[in-house]
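Chains as they are written, first to last, in the working numbering: chain A, 1 to 283; chain B, 1 to 347; chain C, 1 to 264.
Take the hints with a grain of salt, since some may be wrong.
[To be verified] Just a sample of chain C residues kept apart from chain A, beta carbon distances all over 12 Å, derived: (1) 72; (2) 104; (3) 123; (4) 175; (5) 176; (6) 177; (7) 181; (8) 189.
[Claimed, not checked] Quick list of in silico lysine to any residue cross-link-like pairs, SDA-like style, CA-CA up to 20 Å: (9) B:172 - B:197; (10) C:95 - A:14; (11) C:229 - A:186; (12) A:2 - C:229; (13) A:2 - C:95; (14) B:79 - A:122.
[Claimed, not checked] To give an idea of the chain A side of the interface with chain C (calculated C-beta under 7 Å), a few residues: (15) 3; (16) 17; (17) 19; (18) 20; (19) 27; (20) 88.
I should point out that these hints are in silico values taken from the structure, not numbers from a laboratory. C-beta atoms are modelled at their ideal positions from N, C-alpha and C, and glycine is treated no differently.
Residues per chain, in single letters:
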Amino acid sequence: MKHHFNLFLVPALAVLMGVFAIPVVLLFAVSFWSVKNFKLQPDFTFAAWQRFIGVYGDLTLYTLMIGLATGLLCTVLGFVFAYAARFKAGRFGDLLLVATLITLFGGYLVKIYAWKSILGADGLMNQALMALGVTDQPLAFLIYSRGAVIVALVHFLLPFAILPIYASLRNVSETTIEAARDLGASGAQVLTRVIIPQSLSGLFSAFAFSFLLAAGDYVTPMLLGGTSGSMLGQFVLLEFSTNFNWPAGSALSFGLLFACLILMALIAGLSAWIMRPPRGAPS
Amino acid sequence: MIASSSPLLRLSGLSKSFGPVIAVEKLDLDVAAGDFCAILGPSGCGKSTLLRMIAGFIEPSTGSIAIDGLDVTRLGPEKRPTNMVFQSYGLFPHLTVAQNIGFGLALGKRPREEIAQRVDEALRLVRLDTFGDRTIDRLSGGQQQRVALARALIMRPKVLLLDEPLAALDLKLRHQMQEELRRIHREIGGTFIFVTHDQSEAFGLANLVAVMNQGRIEQIGSPAEIYLHPKTLFVADFVGETTLLDGERRNGRVRLKAGIEFDDKGRDGAVRVVVRPERVAIRPDGLAAVVTDAVFFGSSLKVSLRLPSDETLILRSSAPDAAEDYKTGTRLTVGWDAHDQQVINLP
Amino acid sequence: MDHEAAPWSAVMIWRIILAAFLLFMLGPILLVVLFSFGSNALIGFPMGDLTLGWYERLAADTGFHSAFWTSLIVALATAILATLTGTLAAMGLMKVTPAAARGILSALSLPVLLPPLVVAIAIVVLIVRGLGLRLGLPVVVLGHILVAQPFVILIVMARLQRFDQSAVDAARDLGATRLEAFRLVTLPQIASALVGAALVSAAISLDDFIIASFTIGGGNTISTFVWGKMRTTLDPSINAIATILLVLTVGLSALALRVTRYKG
Numbered sequence: 001m002k003h004h005f006n007l008f009l010v011p012a013l014a015v016l017m018g019v020f021a022i023p024v025v026l027l028f029a030v031s032f033w034s035v036k037n038f039k040l041q042p043d044f045t046f047a048a049w050q051r052f053i054g055v056y057g058d059l060t061l062y063t064l065m066i067g068l069a070t071g072l073l074c075t076v077l078g079f080v081f082a083y084a085a086r087f088k089a090g091r092f093g094d095l096l097l098v099a100t101l102i103t104l105f106g107g108y109l110v111k112i113y114a115w116k117s118i119l120g121a122d123g124l125m126n127q128a129l130m131a132l133g134v135t136d137q138p139l140a141f142l143i144y145s146r147g148a149v150i151v152a153l154v155h156f157l158l159p160f161a162i163l164p165i166y167a168s169l170r171n172v173s174e175t176t177i178e179a180a181r182d183l184g185a186s187g188a189q190v191l192t193r194v195i196i197p198q199s200l201s202g203l204f205s206a207f208a209f210s211f212l213l214a215a216g217d218y219v220t221p222m223l224l225g226g227t228s229g230s231m232l233g234q235f236v237l238l239e240f241s242t243n244f245n246w247p248a249g250s251a252l253s254f255g256l257l258f259a260c261l262i263l264m265a266l267i268a269g270l271s272a273w274i275m276r277p278p279r280g281a282p283s
Numbered sequence: 001m002i003a004s005s006s007p008l009l010r011l012s013g014l015s016k017s018f019g020p021v022i023a024v025e026k027l028d029l030d031v032a033a034g035d036f037c038a039i040l041g042p043s044g045c046g047k048s049t050l051l052r053m054i055a056g057f058i059e060p061s062t063g064s065i066a067i068d069g070l071d072v073t074r075l076g077p078e079k080r081p082t083n084m085v086f087q088s089y090g091l092f093p094h095l096t097v098a099q100n101i102g103f104g105l106a107l108g109k110r111p112r113e114e115i116a117q118r119v120d121e122a123l124r125l126v127r128l129d130t131f132g133d134r135t136i137d138r139l140s141g142g143q144q145q146r147v148a149l150a151r152a153l154i155m156r157p158k159v160l161l162l163d164e165p166l167a168a169l170d171l172k173l174r175h176q177m178q179e180e181l182r183r184i185h186r187e188i189g190g191t192f193i194f195v196t197h198d199q200s201e202a203f204g205l206a207n208l209v210a211v212m213n214q215g216r217i218e219q220i221g222s223p224a225e226i227y228l229h230p231k232t233l234f235v236a237d238f239v240g241e242t243t244l245l246d247g248e249r250r251n252g253r254v255r256l257k258a259g260i261e262f263d264d265k266g267r268d269g270a271v272r273v274v275v276r277p278e279r280v281a282i283r284p285d286g287l288a289a290v291v292t293d294a295v296f297f298g299s300s301l302k303v304s305l306r307l308p309s310d311e312t313l314i315l316r317s318s319a320p321d322a323a324e325d326y327k328t329g330t331r332l333t334v335g336w337d338a339h340d341q342q343v344i345n346l347p
Numbered sequence: 001m002d003h004e005a006a007p008w009s010a011v012m013i014w015r016i017i018l019a020a021f022l023l024f025m026l027g028p029i030l031l032v033v034l035f036s037f038g039s040n041a042l043i044g045f046p047m048g049d050l051t052l053g054w055y056e057r058l059a060a061d062t063g064f065h066s067a068f069w070t071s072l073i074v075a076l077a078t079a080i081l082a083t084l085t086g087t088l089a090a091m092g093l094m095k096v097t098p099a100a101a102r103g104i105l106s107a108l109s110l111p112v113l114l115p116p117l118v119v120a121i122a123i124v125v126l127i128v129r130g131l132g133l134r135l136g137l138p139v140v141v142l143g144h145i146l147v148a149q150p151f152v153i154l155i156v157m158a159r160l161q162r163f164d165q166s167a168v169d170a171a172r173d174l175g176a177t178r179l180e181a182f183r184l185v186t187l188p189q190i191a192s193a194l195v196g197a198a199l200v201s202a203a204i205s206l207d208d209f210i211i212a213s214f215t216i217g218g219g220n221t222i223s224t225f226v227w228g229k230m231r232t233t234l235d236p237s238i239n240a241i242a243t244i245l246l247v248l249t250v251g252l253s254a255l256a257l258r259v260t261r262y263k264g
């Protein structure tokens, strides 16, 4: 007989509680505290939240946009790659997956630094473009821009998106694809009516993951964003570490989180509406 | 089956090789409209490959496939007038029963009312009238298969293909499904082709049986022909239970190792004689035999007899008190009618 | 095996697409590695002569030494402890109802979904303000265990689901106690998954930057060390450090993949 709980779960849950749940709840509480003369004290005020909405409202929107763009790009590109690896690569499918996985846990900082070197004024990209004669001045917009941030974020998060999509594609039974073809479906119809509906959970996981992590990133915009590519995460750091305004740092963090969750709920609703089954369903 | 005019399905010189492996050797097959055809053979004989070639999932290495006069050899499965019921059904898990069944029609952009009406008809045909709104994960195996069947039949294919249709079902369900399939076949008068490794499944459904072995069709005929007049040793052995007795033919006379002689025209050389167990009976003028085993199967008693040539002869008796006559160790004389035996030359 | 031969132009297009993807994903990393061997300071051509000079400099850099050892200690501790908590949790999850398992697993995976920044800050607030304790390596290790254990759970659960329980039943039928059955039957069979999980945990720990930078107090891990260099953009040994970090993390991941024979 299976229960709802088991003693073996205690160590992991203890870590979860002690190192995550309690700290996060405490942090949330801190967002309502106040700072006087650089000293943090318990309080109940919305000052930090007002700071979030008032000062950082626009930046939050830009951050969400960057997160959204990254999430969408990662999901679409991730799907293309996973689809190719699953259905079109034959024996190489596994190899491709290995190539993806290998880059997963390695080199968060390295990757951002690499893009800095590639997109910089004296970086590889500009060198190549000038050598090819496409331009005779280094292109400034390649770096310290929103685009650069998005490129680097997509580069970092793409493997994370590919994995859940690939996993759900593997669960798509080949027989359903054959059955669809047997019933007259063209390649595109097989994709939209059989494959994608069956891999929705993987697609959503991929999007959620890449969107959330992109929106919360601060290292990438710090190194590649300049002013136009700023993201909220940098200012969480600023408020927290430099201004010692912990309540503000907390309010910004949670504010961003809530904004992300709201956006994801909207997108989930939207995709459910888009993916409603085609006609052919008598009630 | 004699094809009256031109057959509905004609396979000519069809073969398939995967690299050096020959899955299907050059074969011809004609199936007339209204036939219920079984392709019967052991696993690995190429029957699934053959079925998938007809469906369009595998491109033949040589030969052609024609349906109703139209050469479909180069057409993909989407374009052929065939539909298939897959062994694992391949139902769409994200759609309801009705949506699954109507899938093909929805692809063809038929009007909603037409789809609804035809889906209802299909549900009635497979006796799943109230199941339209159910999700697939709530269905039993038998129900899933009927949905798969309805989904294929609603497309009104010229040829319906079934891949081991009864394999996944337990015994009781199998009999039920067999009757269902026969009824549906009669009702809509379609042409069905299915593959199976189970001889009783083949006989229970088909009027035309093609026995396959190692990529070749060894014999095509009605169930009776296949059973009573097998043309090759493989067919004799694979289809139903049988005894094979060694012998030799010289100048139209066959001499069995067991001791009998009789006239039979044909090629000189080593032969095997096929005798079906139910045609063997106790005869005063028969071969001497000793009962080595007797097993009661309910509908008949299966008796194993040892002949003087040390070969084993199987006898089946449906007599109610047969067990009394066939106790182990009993010495008897047994025989069969000349027209109940089949002589097959060894290659 | 059943697919019709696709027109080779379609096959070529897919090959090109896949190649482009691989180039995008692996290219930048390979560039860093490549240029760590170039005498020229920055990434760009001309590259300068092939040299191990940057690595030599690192070998002599005491700051790098201490960062290196710190990283190893933290990674080792994380590997052992996260594998422990994660494996126990995986075993626990196999024993509870599926609904409970889904819920608990989601909860345990939350720390990975939230921005590491928030997680790190929360930890700092609790430790410094809530508990009045000091930051330091133990806190770093705790933070790493938090984000590594979901991966351990996934890896070990995947192995457990393929595990044949009847072998354990047979052992007990032959007289083994529960503990013996675990030690003699279960453990040897899931050992490869445990090793893989440990390697992955170590890789995660080595690569982490955000949590470490907030919770380490003083000192450096390799990641925070290289971050310090990146702020002063002109230090060319960054490529070398980055390459070392890459070799360690990617190497561990590759080893883990081999050990667990991961199939997706």
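Exercise. Determine whether the non-interface label on residue 181 of chain C survives the test: each CB of chain A must be over 12 Å from its CB.
Key: Consistent with the label, residue 181 of chain C stays out of reach of chain A, its closest Cβ about 16 Å off (over 12 Å).
Quiz item: residue 176 of chain C clear of chain A by more than 12 Å, beta carbon to beta carbon?
Solution: About 19 Å separates residue 176 of chain C from the closest Cβ of chain A, which puts it past 12 Å; holds.
Quiz item: Are the Cα positions of residue 2 of chain A and residue 95 of chain C separated by 20 Å at most?
Solution: Judged against 20 Å, a Cα distance of about 6 Å means the pair holds.
Quiz item: Is residue 189 of chain C truly not at the interface, in the sense that its beta carbon sits beyond 12 Å from all beta carbons of chain A?
Solution: holds (18 Å)
Self-check item: Hinted pair residue 95 of chain C and residue 14 of chain A, Cα distance within 20 Å
Solution: holds (18 Å)
Exercise. Please settle this one: residue 123 of chain C was flagged as non-interface, so is its CB more than 12 Å from every CB on chain A?
Key: Incorrect as stated: the minimum Cβ-Cβ distance to chain A is 5 Å, not above 12 Å.
Quiz prompt | Distance restraint between residue 172 of chain B and residue 197 of chain B, which requires alpha-carbon spacing of 20 Å or less | solution = Within the cut-off at roughly 18 Å; holds.
Quiz item: Is it true that the CA of residue 229 of chain C sits at most 20 Å from the CA of residue 186 of chain A?
Solution: The hint is violated at about 55 Å.
Quiz prompt | Hint status (Cβ of residue 17 of chain A to nearest Cβ of chain C, threshold 7 Å) | solution = violated (10 Å)
Quiz item: Hint check: is the beta carbon of residue 88 of chain A less than 7 Å from a beta carbon of chain C?
Solution: holds (4 Å)
Exercise. Quick one: work out the minimum CB distance from residue 104 of chain C to chain A and report holds if it exceeds 12 Å, violated otherwise.
Key: violated (6 Å)
Quiz item: Can we trust that residue 175 of chain C is non-interface, i.e. its beta-carbon lies farther than 12 Å from all of chain A?
Solution: holds (24 Å)
The structure does not agree with the numbered hints 2, 3, 11, 12, 14 and 16 stated previously, though it agrees with the rest.
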